[in-house]
Amino acid sequence: MRRFFCITVVAMMTMALMITGCAKKEAAKEPVKLGVAGPHSGDLASYGIPTVRAAELAVKEINATGGILGRPVELLVEDDVCKPEVATNTATKLVSDGAVVVLGHICSGATKAALGIYNDARIIVMSPSATNPDLTQSGDYPNFFRTIASDDMQAMLGVKFTVNKLGAKKVAVIHDKGDYGKGYAEFAKKYLDEMEGAEAVLFEGITPGAVDYSAIVQKIAKSGAEAVIYGGYHPEASKIVTQMRKKQMNTFFVSDDGVKDVTFIKVAGEFAEGVYASGPMDVSDLPMYKSAVEAHKAQYGEDPGAFFKEGYAATLALLNAIQKAGSTEYTAVEKVLRSEYVDTPVGSISFDAKGDAIGVGFSMYKVVNGEYVEQK
Amino acid sequence: MDYFFELFLGGLTRGSIYALIALGYTMVYGIIELINFAHGEIYMIGAFTALIVASLLTMAGFKGLAVLALSMVVAVIYAGAYGFTVEKIAYKPLRQASRLSPLISAIGMSIFLQNYVLLAQTSDFLPFPSLIPKFGFMAPYEPIFSSSELVIVSVTATVMVLLTCLIKFTRMGKAMRATAQDRKMAMLAGININRVISTTFVIGSCLAAVGGVLIASHIGQINFYIGFIAGIKAFTAAVLGGIGSVPGAVLGSLVLGWTESFVTGYISSDYEDVFAFLLLVLILIFRPEGILGKSRAQKV
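Residue numbers (my numbering), protein chains in the order written: chain B, 1 to 376; chain Y, 1 to 300.
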């Protein structure tokens, strides 16, 4: 207990030292301020902290080679705890602190809440993880970009995989009532209904954080579903899977990238075996990916968590666009983002008219012997 | 019919889980009319203590029931100490203050404890070993009702009986009842009310720790935030059953558990909380003192 506490204190102190150190050295030149927003505390912090680390590592490298536009890059890190009502405060804080571009937010709900504020302030936002389709497809947020593919693509993959590869015709669709989980589940239901011979036998939202899910598990059993498609995050998914397996149900469990997290396997343990979850395509062979992971290991002594590479890619894409545009002005940066490709740890990417990344996609993974294995 | 029975057992387990926590709320309220919002956090601290102790014991080569018993004992002692300290720090200095002050102090304590565990431990979910040994049931019931569910239900029942006996038949129980009735008179009659209140907090905290260990072992995961929702639900259950009454807390918890289970099973899990809290509103309208609560004439 004391050790963890010491590590936290030391980490906080080193971070503070790094920031003050940078500021002193480059006092003469106005830094380019990059806002980083996401959950850095709370129960979803494991999704936000990897992005902060990615931004720190990418910026460290860029600053070591002279920064961008001859100016150093400074990070403004703000916590939004994944809550929409906090995210608006976070956004206001970043805007008033002078962030030029923003990396984040992490959760779709929080991102949606914050986007209006950034749009009014003419600030470009790039999320490494917000996959809600509306964010780009509604056209309401012209300042929004993302380095991850959207949920409808993910739901399509999940449904096709469940019906065609696993051969399950009756599917129970469950979600956590959140923007992200429910959005995914609604698309899954839509595609299931459109598909010949397949049907959604159950479509329900559960309460996140509940102590027990045995009633919904029994309902799934009664519905005769051959597979469950779950939209949501790993804490609930692991509880549901655990209770299903304890009730001796061997129903397939297919889920999204909110579940494709090492914490899921750690928590669900033996019950995680055989669970399917979609996630960003495997890019572990790319040299840029390898060097980013090694930098992370050297700095923090462990493997990076969820959305690390997407966060790294978004940092590079944003800073590269500012460098090529020659200024931090909104329209110039936006034009570069939409027209030029940049090499990142998720591959060579650019952005389409809506803000979705061209060159990234999803694959299905299965838990085998405690690891996610890509299904070809 | 089978489906009904499954839902019934599921609701029974869920209700027993709430009851283990609700007992602490109801006892503290019964004595000093304070809603101890930090109670859910004591439950969480109990579970964390058990996780740490169980990991150490497993590393040291202990197995099975020994791990369960030892980690349970340490968790109970540790949580009891927390309950004692929380009362001394956050509530005792405010005993003469208006009723709002200790309530706010309780909420502050709850947030403090959550964040303290967050910083000292981690924000991630942690796997919790299933400490309760598995034993089989007859063929048709095996998938429906597991050993950990049986243990939770029977522990809740035992605890309720023991607590009722403690309050009815022991000296301490008598002192508790006297303090609950009229604090000033009890003091004049020579009862050390500070000791009575401390004992109540310690007993409530120990029960929360027992609940924490059993529930974490049943569900298989914990993090620093589990106390919050469990606490809110248990508090609701205590109010439903009649806050201040021990059997009321258990009955209220079971009613809440069954409501949630049957609503999920026959209507939709989307409406689980809607119906649970609708029930609370209805009970409070038609029987404001709760199902088993006693209405008390207020002195004006």
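Wrong hints could be hidden among the right ones.
What the hints assert, rightly or not - Lysine-lysine pairs mimicking PhoX-like chemistry, simulated, CA-CA at most 20 Å apart:
no.	chain 1	residue 1	chain 2	residue 2
1	Y	Lys174	B	Lys247
2	B	Lys83	B	Lys93
3	Y	Lys134	B	Lys246
If you are wondering where the hints come from, they were derived from the structure by calculation, not from laboratory data.
Hint check results:
no.	hint	in the structure
1	Y/Lys174 - B/Lys247	violated, 45 Å
2	B/Lys83 - B/Lys93	holds, 15 Å
3	Y/Lys134 - B/Lys246	holds, 11 Å
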